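> Below, each chain spelled out in residue letters.
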Amino acid sequence: MLTYYLGLSAILFSIGVAGVIVRRNAIIMFMCIELMLNAVNLSFIALSPYAGIEGQVFVFFVIAVAAAEAAVGLAIIIALFRHVESVDVRNFSLLRW
Amino acid sequence: MLTDILFFFFAGIAIFCGIMVVTRRNPVASALWLIGTFFALAAIYTLIGAFFIGVIQILVYAGAIMVLFLFVIMLLNLGNDYQPDLRSRAWMITAGGSGLVLLAILGRVFAADTTAPLGRLTGPEAVATQVAEYGAVGAIARPMYTDYMIVLQVTGLLLLVAVVGAVMLAKRRV
Numbered sequence: 039m040l041t042y043y044l045g046l047s048a049i050l051f052s053i054g055v056a057g058v059i060v061r062r063n064a065i066i067m068f069m070c071i072e073l074m075l076n077a078v079n080l081s082f083i084a085l086s087p088y089a090g091i092e093g094q095v096f097v098f099f100v101i102a103v104a105a106a107e108a109a110v111g112l113a114i115i116i117a118l119f120r121h122v123e124s125v126d127v128r129n130f131s132l133l134r135w
Numbered sequence: 003m004l005t006d007i008l009f010f011f012f013a014g015i016a017i018f019c020g021i022m023v024v025t026r027r028n029p030v031a032s033a034l035w036l037i038g039t040f041f042a043l044a045a046i047y048t049l050i051g052a053f054f055i056g057v058i059q060i061l062v063y064a065g066a067i068m069v070l071f072l073f074v075i076m077l078l079n080l081g082n083d084y085q086p087d088l089r090s091r092a093w094m095i096t097a098g099g100s101g102l103v104l105l106a107i108l109g110r111v112f113a114a115d116t117t118a119p120l121g122r123l124t125g126p127e128a129v130a131t132q133v134a135e136y137g138a139v140g141a142i143a144r145p146m147y148t149d150y151m152i153v154l155q156v157t158g159l160l161l162l163v164a165v166v167g168a169v170m171l172a173k174r175r176v
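Chains G and A, in that order, give the protein sequences. Per the working numbering, the first sequence runs over residues 39 to 135. Per the working numbering, the second sequence runs over residues 3 to 176.
Please keep in mind that the hints were generated in silico from the structure rather than gathered at the bench. Some hints here could point you the wrong way.
Stated by the list, open to error - Footprint (simulated), chain G over chain A, 3 or more residues, beta carbon under 8 angstroms:
(1) 40-53
(2) 56-66
(3) 96-108
Unchecked claim - Going by beta-carbon spacing under 8 angstroms, a handful of chain A positions derived as facing chain G:
(4) 9
(5) 71
(6) 142
Small disclaimer: the values here were computed from a predicted structure and weren't measured. The beta-carbon is built from N, C-alpha and C at its ideal position, and this holds for glycine as well.
If we strip away everything but chain A, and leave its shape as in the complex, we get (with noise of 0.2 angstroms):
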């Protein structure tokens, strides 16, 4: 199964730079393995079918999200003093302890029965056919302007709000 080698690969490639994230001191670096992760999974999502999706995160997270993160930490200058800005060791065994044993909850939860809370199930089949029938973007593009209208103008009115909120705050005299 090609696919099943193909999504072990990229799954290693994501928690390797996910990992990489957390630990490097140089934020130029951690948003350098962010970017790495979704490319990653740009392709997983690709693997599993969500085309319209895997290149939506490769042009707005990678393209536009981090771009933004490295514009900021140039701006603000902040690669040359790497002062260790991890946390004393007792706060280190608190994240690794909590993050063990969320990952054990989710795991549980995961595994009990991954598709009970999802009420009706359509089946892979129904996607694919939705797909094949509108095209990737058509078959995302129909339930949002219909179904989700609302939902869509919303967020439009939320990324007004953004825009106006960022230009308030780091302007600097208002």
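With the rest of the complex left out, here is chain G (with noise of 0.2 angstroms):
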């Protein structure tokens, strides 16, 4: 069964990469990031049977920075948003090169 699990969390995680890649909406990019964090929980609950109970101590302290990386994350898109009109990723380019 932990095959599975672990599995199902590289499933859910290479989804993700793929979408950072392949999107161009800086909030859906960031959404696809929640999902990658998601899936490393998975790998880390399914593990926890195995290796201790520390491993869902480790999910919540990854949930709590998930919190405030959204809130930060957000934030800027905000900031972004006020400067060009536009969540697309196209007009970022000012740190492009």
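Could you fit the two chains together into a complex? Lean on the hints.
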């Protein structure tokens, strides 16, 4: 069963990676990052019956950090939107080259 | 095995909703499909035996973080113009290829020896007895408030910094 849990985690992580690469909407890229965080959480939870309860403690911290990341990231997106009136990453080229 | 059937059912939902998140054009639809993924994952956590994390997943992820996403999407009024925001075909091939390569690597690592890098193994019974003795919340709270006290405090500090940073960034005039 553990293999299936980890396989699902790998599939979800790959979907998240593909989404970050293929989409241009900054908010959807951000959602794909949340999807990847969840895939890693699933790995932690699936391994916690074998490696100790600490896996679940770490997932708790990961969720707290994800909440902080969502708040700051969305604030950055709002600030960017105010400058360029768009969330398309093609328009965010200030630091590109 | 009812548990296995339920796991495959919820795994299918999670994968389907994940694919929909990536492919929907409307950000609001994407966010709602992502909430579906979170609910399916919460069900899987509960099946594995992590009851507290399952509840937290629904409360914090589906309840708080995704509502924040939906607030921002509606605040920015993004749902009206459906400009095609998928990248060109070369990027899609790159994305699919890198996703498949990553999947192959992860699958190889996981299938090789799923428990090798874990060090000491306690076995499923140890966690089950902990949960039976202290309850689903107590089993997590005991290590969190004893062994990981400093980490907990640093997490609180991080949340404070995030709140201050978010207010600073989103304010119109500083």
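> The structure should be examined with respect to each hint, and the outcome stated for every one.
So, going through the hints one by one against the coordinates:
1. 40-53: Our answer is that it holds, as 7 residues pass the Cβ test (under 8 angstroms) against chain G, meeting three.
2. 56-66: Our answer is that it holds, as 5 residues pass the Cβ test (under 8 angstroms) against chain G, meeting three.
3. 96-108: As far as the region 96-108 of chain A goes, the hint holds, because 9 residues have Cβ atoms under 8 angstroms from chain G.
4. 9: holds (7 angstroms)
5. 71: holds (7 angstroms)
6. 142: Where the cut-off is 8 angstroms and the nearest Cβ of chain G is about 5 angstroms from residue 142(A), the hint holds.
The structure meets every hint from the earlier list without exception.
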